[in-house]
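Peer 1: Sequence:
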Amino acid sequence: MLHPSHELRYINSTIGYGIFATEPIPKGTIVVFSDPLDIKILPKTYARLNEQFREVIESFSYIDREGQGVLSWDNSKYINHSCDSNILLTPYLFSVSIKEIAKNEQITTDYALLQAYLDIYQQGEMSFCHCDSPHCRKGLNIPNVEDYLPLFISSLNDALSLAMKVRQPLLDFMDTKDKYELIKVLENYHDCSKSMSDFLKKRRNNFSRKWSRFLS
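In UniProt numbering, the protein residues as written are 1 to 216.
Careful: at least some of the hints might be erroneous.
Unchecked claim - No farther apart than 30 Å at their CA atoms in a straight line, the calculated lysine-lysine pairs in the DSS-like style are these:
1) Lys27 to Lys210
2) Lys202 to Lys99
3) Lys40 to Lys77
4) Lys77 to Lys44
Unchecked claim - Ranges of calculated distance between the beta carbons of each label pair, as one might list FRET restraints:
5) Glu146 to Lys184: 42 to 48 Å
6) Ile15 to Leu93: 25 to 31 Å
7) Asn206 to Ile183: 35 to 41 Å
8) Tyr189 to Arg48: 31 to 37 Å
9) Arg167 to Lys194: 26 to 32 Å
Hints listed in this document are in silico derivations from the structure and should not be mistaken for laboratory results.
Note that the structure is predicted; figures quoted are calculated from it, not measured.
By construction, the Cβ of each residue, glycine as well, lies at the ideal position given by its N, Cα and C atoms.
With the hints as constraints, model all of the structure from the sequences given.
Peer 2: What follows is the structure in C-alpha cells.
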C-alpha cells in the first residue's frame, strides 16, 4: 500500500508514469508496505502466461522475502527507479523516505537494493537507467549489491531513527500484530545492518530455489 499523499502522473514516452507527492512527506515516513491485497505470483503461474502477460509481471512485480512474486494492487507499482532515490526498501517489509520529499516531487526508489524485478534477473540482463541523476550508474542492476550496502544502511539508519517522531498514516492499515511488532522495533531502533544482510540473503536464496528453472 502506498502513502495516501500521492498522485499518478504521466512523465514521458521513455519512462511512462510515475508517482508524485501531493503533500510534503517527512524523512522517516513509511511510504510503501506490503499488504494483504497485493497479488501473489507463483513461478508455475508465471510459466503458464503468454509473452504479453509475462511482460506485465516482469515490469511491475517484485520478489518478496519468501521468494514469491508480488504484484501491487495499487499505484505503488509505478514507483520509478533513481540512483539518488528518496525512499529505500527496509528489511521490515516496507520502504521509508530517506529524505524530505517536497510537494510535487517524484517518489523514487533504488531498484539495486530492491533488486527484485524479474526483468533484472533475466540471465544478468542489464536494464538501462533514465534517472538523470548526477550519480546515475547508467544501469539498474548491480552485480554485487553488498558493495553498496554500507551507503544504503547509513541512509536507512538515519531515516528509521526518525520513524517514531513523524506521522505514519500507513500504520493504521497494518495487521495489528505486525503493527505492534514494528512499533516495538522502531521504538528501540539502533541499526539494520544484520537484518538487511539476512533479508537479502534469504530473499536471494528463496528466489533462486523457486524461480531458477522457470527463468532459464
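Peer 1: Taking the beta carbons of Glu146 and Lys184, is their distance inside 42 to 48 Å?
Peer 2: violated, 28 Å
Peer 1: Between Lys40 and Lys77, is the straight-line Cα distance small enough, at 30 Å or below?
Peer 2: holds, 14 Å
Peer 1: Is the hinted pair Lys77 and Lys44 satisfied, with a Cα-Cα distance of at most 30 Å?
Peer 2: holds, 22 Å
Peer 1: Is 26 to 32 Å right for how far apart the beta carbons of Arg167 and Lys194 are?
Peer 2: holds, 29 Å
Peer 1: Quick check on a hinted range of 31 to 37 Å for Tyr189 and Arg48, using CB atoms only.
Peer 2: Given range 31 to 37 Å: violated, Cβ gap about 43 Å.
Peer 1: Do the beta carbons of Ile15 and Leu93 sit within 25 to 31 Å of each other?
Peer 2: holds, 27 Å
Peer 1: Just tell me: holds or violated, for the beta carbon distance of Asn206 and Ile183 against 35 to 41 Å?
Peer 2: Given a distance of about 27 Å, which is not inside 35 to 41 Å, the answer is violated.
Peer 1: With the threshold set at 30 Å, check whether the alpha-carbon distance from Lys202 to Lys99 stays at or below it.
Peer 2: Distance of about 28 Å is within 30 Å: holds.
Peer 1: Does the structure keep Lys27 and Lys210 at a Cα separation of 30 Å or less?
Peer 2: violated, 36 Å
When held up to the earlier numbered hints, the structure conflicts with 1, 5, 7 and 8 and fits the remainder.
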